[in-house]
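Colleague: Protein chains in written order, with my numbering: chain A, 1 to 81; chain B, 1001 to 1081; chain C, 2001 to 2147; chain D, 3001 to 3147.
It is worth saying that the hints were derived from the structure and are not from the lab.
All C-beta atoms in this analysis are idealised placements derived from N, C-alpha and C, irrespective of residue type, glycine included.
Among these hints, one or two may not hold up.
For lysine-lysine, the following DSSO-like pairs were computed, each having C-alpha atoms within a straight-line distance of at most 30 angstroms [claimed, not checked]:
no., chain 1, residue 1, chain 2, residue 2
1, C, K2114, B, K1006
2, C, K2114, B, K1017
3, B, K1006, C, K2056
4, A, K6, D, K3056
5, D, K3056, D, K3114
6, B, K1006, B, K1017
7, C, K2114, C, K2056
Selected chain A positions facing chain D (Cβ under 7 angstroms, derived; list incomplete) [unchecked claim]:
no., residue
8, P46
9, A73
10, G80
Far from chain C, some chain D residues (derived; all Cβ distances over 10 angstroms) [unchecked claim]:
no., residue
11, Q3007
12, T3033
13, D3048
14, E3062
15, E3082
16, E3087
17, R3099
18, A3112
19, T3136
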Amino acid sequence: MNVVVKLFAGARELVGKDEIAVEIGSGATIGELREHIFRQHAELRPLLPHVMFAIETTYCNEDTPIPENAVVACIPPVSGG
Amino acid sequence: MNVVVKLFAGARELVGKDEIAVEIGSGATIGELREHIFRQHAELRPLLPHVMFAIETTYCNEDTPIPENAVVACIPPVSGG
Amino acid sequence: MIQLTDQPIDSTSLLAQAHSPDAGAIVLFLGTTRRLTNGRETRTLFYDAYEEMARKELANLEAEARERWALTECTIVHRLGEVPLGESSVAIVAASAHRRAAFEAGQWLIDALKERVPIWKQEHWADGTTDWVHPTPVANQEASNDN
Amino acid sequence: MIQLTDQPIDSTSLLAQAHSPDAGAIVLFLGTTRRLTNGRETRTLFYDAYEEMARKELANLEAEARERWALTECTIVHRLGEVPLGESSVAIVAASAHRRAAFEAGQWLIDALKERVPIWKQEHWADGTTDWVHPTPVANQEASNDN
C-alpha cells in the first residue's frame, strides 16, 4: 500500500516537501515505515531516530500496524511553549 | 518608662482602641511587656499568646530590650494575601 | 516594585512592565475574594495593614527573591480596604529567563507574604457577622477565606 | 478553553474570564521570546504546528488538568507564526479555590505542553541563520530559546 507521511519543521526542511509517499506492505507497522524512510530518505537520517509517528493525530508505537489510507505524520521532537 | 503599643485588627477590636499605654521599668524586654499587657488587659488574653511584637517596624524576640520612646507594635497572626 | 493601594489592582499594567526581551517566562499570581469557605458564604472582605511595616516587609521579600532567583521583574501589590467578591487582594509578578525560577519565586513570595507581612483580613459574612482572621497553629487555615 | 491563534495573545481578557467568586487563586504563565540564549542573539521566533493534532493534544491537557486539580478555569493559548522579542508565544491560566492547585496545574500544563504538543519553534538568529528547534536527550535544551 501507499502511505503518505506528513512532514513538519526540521523534517520538512530536510526533505524540502510537506509530505512523502512510501510504498510499504499491507499491514506494515510504524517500525517498518521508519526503516523504509531510513533507506529511501538519507537526508532524514540524523533526525529520524528522534521522531515519533502519529496515526490519525494520535501518537503510536513502533509495533502499531498502519491502516489502509491512514493519515500518518512524522513528529520531530516538539519545541512549543 | 511609658511604652505606647500600637494595636491592629483583632487586637484593636478586643481593646476598642488603636493603642495602649503600658508603664514598665526602664530597659524592660518584650517578654516583660507581654506579661504586663496580660495582667492589665484581660480582653487580650485569648490572642496574646499568638501575637508577635515589632520595635520600629522590625519583628523582635522575647528578650529584646525596649529602647526609650520606641515605636512598639502588637502584631496578631497575619492574614494578608 | 512593591505597592499598597486602596484601588483595584491593574494586572494588565503590571504584566506590561514585566514583558521584556530579557524575560522568557512571566508568572502572575492573583489572590481573589472567594464566595464560599467550608460552605459559609462571604459577603465581602476588608484588609487592614500596619502600613509602614508592611511596606518594609514587602521590600524585604522583593530583595530576598531577587537574591535567590535571577528575576527580570519582581512585583508585589496588595490592596487594602474593601476587596469585593471576585476581585484581587494581592498580585505577584515574577519574570525570569526560564520558567522554573519564575514559578518558584512566585510561589515563595505569596507563601512568605502570608507568613510575615503585617496585613490582616476581616471576613464580612453573608449572615452579617464579621471576624478578623488570625490563623493560629491549631486553627484550620481553610476556615478563613485563604487562597 | 484551548486556542491556537496567529494574533497577539490578549492576556487581559484571559484573566477577566478567570475572575470568579469561586476562584481564590489565579495563576497566569506567559512564555515570551527572549533575546539571548547562551550569549547568542535571537532576532525573532516563528512557530509551526500540526494544527489538528495540536488542538487535540491541548484539549487532552486541559481535560487531564481538570481531572487532577479542582480548577474553576483552565486556559491554554498558543500563538503560531512570528512571535517577536518580548511577546508571548503561550499563555496558560489555572484558577482554583486555593493557590496550591493553581500553581501546580499551571506548572504541569506548561511542562506537559513542551513534551507532547506538536508545535515547533524556528530560531531566526541575529546573524541571519535559522534553526528548527528539536530538543533531543543529548542536546542542551537551554541551547534553544526555551523558557
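Colleague: To test your reading of the hints: which numbers does this structure violate?
Modeller: 8, 12, 16, 17
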